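*Asks:* Model the full assembly from the supplied sequences, consistent with the hints where possible.
From first to last, the protein sequence lines stand for chains A and B.
Just so we're aligned: the first sequence equals residues 1147 to 1573 in our numbering.
Just so we're aligned: the second sequence equals residues 1147 to 1573 in our numbering.
There may be inaccurate statements among the hints.
Copies of the same chain look alike in the list, so a pair counts if it fits in one copy or across any two.
[Stated by the list, open to error] Computed cross-link-like contacts, DSSO-like style, restricted to lysine-lysine with a CA-CA straight-line distance of at most 30 Å:
{"no.": "1", "residue 1": "K1232", "residue 2": "K1246"}
{"no.": "2", "residue 1": "K1324", "residue 2": "K1243"}
{"no.": "3", "residue 1": "K1261", "residue 2": "K1485"}
{"no.": "4", "residue 1": "K1536", "residue 2": "K1253"}
{"no.": "5", "residue 1": "K1346", "residue 2": "K1367"}
The hints are simulated quantities; they were obtained by calculation from the structure and are not laboratory data.
In this text, all values refer to a predicted model and were calculated from it rather than measured experimentally.
2 protein chains.
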Amino acid sequence: MHIIKNPSSEKWSDLLKRPTQSLENIESKVNEIFKEVSSKGEQALLKYTQQFDGISLPNLNVSPQEIGEAKNLVPEELQQAIQQAKENITKFHAAQKTGKINVETQKGVQCWQEKRPIQKVGLYIPGGSAPLFSTILMLAIPANLAGCQEIVLCSPPNKEGKLDPAILYTANLCGVTKIFKVGGIQAIAGMTFGTESIPKVYKIFGPGNQFVTVAKQLATKYDVAIDMPAGPSELLVFADETAKTNFVASDLLSQAEHGADSQVILVSTSEKMLQEVKEEVKKQLESLPRKQIATKAIQNFKLILMNTEKSALALINEYAPEHFIVVSKNEDFFIDGIKNAGSVFIGNYTPESAGDYASGTNHTLPTNGFAKQYSGVNLDSFLKSMTFQKIDATGIKNLGKTIELMAEAEGLHAHKNAVSLRLKSLE
Amino acid sequence: MHIIKNPSSEKWSDLLKRPTQSLENIESKVNEIFKEVSSKGEQALLKYTQQFDGISLPNLNVSPQEIGEAKNLVPEELQQAIQQAKENITKFHAAQKTGKINVETQKGVQCWQEKRPIQKVGLYIPGGSAPLFSTILMLAIPANLAGCQEIVLCSPPNKEGKLDPAILYTANLCGVTKIFKVGGIQAIAGMTFGTESIPKVYKIFGPGNQFVTVAKQLATKYDVAIDMPAGPSELLVFADETAKTNFVASDLLSQAEHGADSQVILVSTSEKMLQEVKEEVKKQLESLPRKQIATKAIQNFKLILMNTEKSALALINEYAPEHFIVVSKNEDFFIDGIKNAGSVFIGNYTPESAGDYASGTNHTLPTNGFAKQYSGVNLDSFLKSMTFQKIDATGIKNLGKTIELMAEAEGLHAHKNAVSLRLKSLE
Chain A
1147 MHIIKNPSSE KWSDLLKRPT QSLENIESKV NEIFKEVSSK GEQALLKYTQ QFDGISLPNL
1207 NVSPQEIGEA KNLVPEELQQ AIQQAKENIT KFHAAQKTGK INVETQKGVQ CWQEKRPIQK
1267 VGLYIPGGSA PLFSTILMLA IPANLAGCQE IVLCSPPNKE GKLDPAILYT ANLCGVTKIF
1327 KVGGIQAIAG MTFGTESIPK VYKIFGPGNQ FVTVAKQLAT KYDVAIDMPA GPSELLVFAD
1387 ETAKTNFVAS DLLSQAEHGA DSQVILVSTS EKMLQEVKEE VKKQLESLPR KQIATKAIQN
1447 FKLILMNTEK SALALINEYA PEHFIVVSKN EDFFIDGIKN AGSVFIGNYT PESAGDYASG
1507 TNHTLPTNGF AKQYSGVNLD SFLKSMTFQK IDATGIKNLG KTIELMAEAE GLHAHKNAVS
1567 LRLKSLE
Chain B
1147 MHIIKNPSSE KWSDLLKRPT QSLENIESKV NEIFKEVSSK GEQALLKYTQ QFDGISLPNL
1207 NVSPQEIGEA KNLVPEELQQ AIQQAKENIT KFHAAQKTGK INVETQKGVQ CWQEKRPIQK
1267 VGLYIPGGSA PLFSTILMLA IPANLAGCQE IVLCSPPNKE GKLDPAILYT ANLCGVTKIF
1327 KVGGIQAIAG MTFGTESIPK VYKIFGPGNQ FVTVAKQLAT KYDVAIDMPA GPSELLVFAD
1387 ETAKTNFVAS DLLSQAEHGA DSQVILVSTS EKMLQEVKEE VKKQLESLPR KQIATKAIQN
1447 FKLILMNTEK SALALINEYA PEHFIVVSKN EDFFIDGIKN AGSVFIGNYT PESAGDYASG
1507 TNHTLPTNGF AKQYSGVNLD SFLKSMTFQK IDATGIKNLG KTIELMAEAE GLHAHKNAVS
1567 LRLKSLE
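*Replies:* Here it is as structure tokens:
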């Protein structure tokens, strides 16, 4: 945690480098489990659930009784909060619907584009010390709005063979069609191949540890798509002297508590701001329950002083942060100029937590610099666009010669012939 | 080439299975070339260009003189055809632009989504017996409309160390910013790592043989995105008795001439139609210049009789064809009901060639059943969507409690604290 002053642009690449994850030693284990699930199905899933989650289950199903009970086990206040979040997320994602795009490119040549749902999707929700029900909101709501027919959710059972009530409550609220008690590599393999009870899905979404990450990568070799490549979560804050130090520090720490490998960067044009935030972070860190994790992540905390807003923006675009908070008197300069970021949070009253939970935007976002070329999860992630065309006799007469000439120049005579036959029939 | 009558749905999966490509024996070669290009840069590209393309080049650049000459070498008639195609493709892709989506999800909580261009993209155009300039139209036009800053094109040089004039003419016409004479694995590696002259790109588009396919897969391990996984091209035609037999046969053959591994399927509710098309295909095949290739592909030609339109549609959705031609008195039934297809061609006067070249739709489409979850290339392929949010004091007061409750239930106290501090400051 030290301040770096005006690094020259040749140094940015090294300065902003994410720690490389070494995943190769995991690959053979993941391969082995995939092979076993592919050949033995459900039996293999139950075996690995016993091995990794320490619980022997008769099957992977969640009973209607368990779902019924969940509603009673989630505090009323939390239910209301989840419903409020659902409402906002629904509003924002419903607004992303695009209609049919219809263009008559030439007289008689009608072309259109329509988006249709991916029929079967799989959502992975990690287990661990706390139930990540917020990710169910972020994935199941747009899947449901998109019209996906089958929305499968897998999450690892606890030692009692149960899923957390908040997971079951939220899944049920958001239209998940099937819930299974299975986690880790074996869950991804189950959704990839399909088993006696789990449907084979076409696309898998959701976060996870390095085992899940490698399993999702491997799934793509078996004709399954995934939401995006995953890496540790990141936050970059740009704060000038109009930012409130304690707010900035609290945002940096909320990122740091995610995990020891979380990336936290503060960029400023004010050295005073950097100094003050540094002190404030130390202070706030003391009272955090997850202090141990946050302290580790804060060890890599970078505070970068930049001479000008222009060079600061250039550096931020080079880094391509997953989360980008900007508190600046010139916020429009940053909003207009940001080219690479997953989600942007503007002003003193917009903590990252808002987007993580309830403002309406999605929290499944590109990490590891992938904001340069990937979108965060949005409504379109659950749809695919298809094109249609209908040409009439006038249309093929208008367009035919063009196609014939191009097909011939590419040496594709049957392509040309398909047009010539039609033109001849109309003579 | 024989007729399969009313296969039961348990048999569809086997019947419609694509031949598996064995790419594993290529992987080590691709890995080797990637490593060398990563460490030696341009020098390695020149070495492999000599080895694979049989030409020793001083550098990979196309001179301004070569681009200038190209215009004179492309026949005027073909130039006009390319310009007409460009106009239609531009119209259709420009119509796909989506505006800013702005939603105030709660009072004081402003969320919006905007699409911004992927800054650097790479287009790969294969070499071979004929120049595939049509693919340049399909990739460079939307890249340009999207606003990509750097549009890099790589294509292998011929034995004289040149690129075909039609390639240069089209690239120049469609706003490609840099053209390089390099092909195959080494071109993909060059765009993945960047070299002395080739910029590192964020996403690679374009078709290619199995070496290019494996190279694009490998590129994704080095933080580069690709348009979609590739496989041999496919056409499925549904034709009832309203279809013209010779047109249907010509469409099937235009697909078959692509390569010996092309997939061609005809589905009908009329056995007479299947018989007649079978005969017509044999007849037309005789006069094709690419008869040898097409004959091989036609060996796997499947003609499938289905009892009802409903079962035919279900089978087609299970197959998820790249190209789907439908000629039926009930075309609306198929248009409304098709769930999985890359591009749909409707009626007797809509050959696949139209979409391959000039109607306006894109010809870079998902093969191998990927139409179940992938879109064909479209304007959005060159953009990524980013979200923004701005919350004011009223907004955080409205939303704060919800976030606090959810963060606490997930055990993320620093997330909660980032909100609590702000709420407290407003008391």
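*Asks:* Decide, hint by hint, whether the structure agrees.
*Replies:* Right, here's what the structure says about each hint:
Both within a single protomer and between protomers do K1232 and K1246 lie at most 30 Å apart by alpha-carbon distance, with minima of 27 Å and 22 Å respectively. With identical chains, the CA atoms of K1324 and K1243 are at most 30 Å apart within one copy only, with a shortest distance of 25 Å there and 36 Å across copies. Within a single copy, K1261 and K1485 get their C-alpha atoms as close as 26 Å, and across copies as close as 10 Å, so both meet the 30 Å cut-off. Within a single copy, K1536 and K1253 get their C-alpha atoms as close as 11 Å, which meets the 30 Å cut-off; across copies the closest is 46 Å, which misses it.
Taking identical chains as interchangeable, the C-alpha atoms of K1346 and K1367 lie at most 30 Å apart whether they share a chain (14 Å) or sit on different chains (25 Å).
In this structure, every one of the numbered hints holds.
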